[in-house]
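Trainee: Sequence:
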Amino acid sequence: MNQDSNQTRDYFVLIQELTGLSATPGRIWLNEKEILAGTRLGPGPFRNLSFRENPKFAFDRTKRRGALWDAYAVGMFGWLVSDRLKTLLEQSGFGMLAFQQVDVDYTNFDAPGPDYWLCDFIEYLDCVDEEKSDIEYQDDAPFKNYLDLRRTVMKQDVVGQRHAFRLKHATQKVIVDDVFVAAMHAGKVTGFDFQKLNQ
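Heads up: the sequence shown is residues 1 to 199, going by the UniProt record's numbering.
Keep in mind that the hints were calculated from the coordinates and are not lab data. Keep in mind it's a predicted model, so treat the numbers as computed, not measured.
Pairs of lysine-lysine, DSSO-like flavour, derived with a Cα cap of 30 Å:
hint	residue 1	residue 2
1	K33	K173
2	K132	K173
3	K86	K196
4	K56	K86
5	K132	K144
6	K173	K155
Now the in silico label distances, taken between C-beta atoms and shown as ranges:
hint	residue 1	residue 2	range
7	F51	T87	20 to 30 Å
8	I28	F143	30 to 40 Å
9	E123	R150	23 to 33 Å
10	D134	D110	50 to 60 Å
From the three backbone atoms N, C-alpha and C, an ideal C-beta is built for every residue, glycine too.
Between the sequences and the hints, there should be enough to build the whole structure, so can you do that?
Mentor: Structural data, given as structure tokens:
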């Protein structure tokens, strides 16, 4: 397989679904301050959080009576994912993932809902062919950082058979391919959305 052959694959940035977001109960991280206290954020899973206790979440149902979603973005710390989505991600072998079980307070529901987990995509790839891509760089950073990927060509010899990963020089971006997207659609996963690169 030559380096350019992966351009037949479409790539996307994984983002939070917005359609219907105002209807689904909003997630609340109840003990975020306690878990963040004393943590030195770094490049490890969940930005190097130390879980001395399970993260605790609840869902705000104030004027939000829609169904719970499978995935909720949790800022720089990854995603809150349902048990069924965790199973789908694990069984599909899309890439390197880390999971941390959370406790969910369902006292404001008629019955308990699904189990949830924090999920982080933990593999960072230096896979953008910068000579063939159109990239806006951050000028005032002491390290290389991509601000905008206007046109992106991936290095297939680096990406290989991975379907989900982070970019080494744009660490907040989770990149997925069309195989990942198709699997999420087939599984009727709610909460994920996909912003196509090079559109």
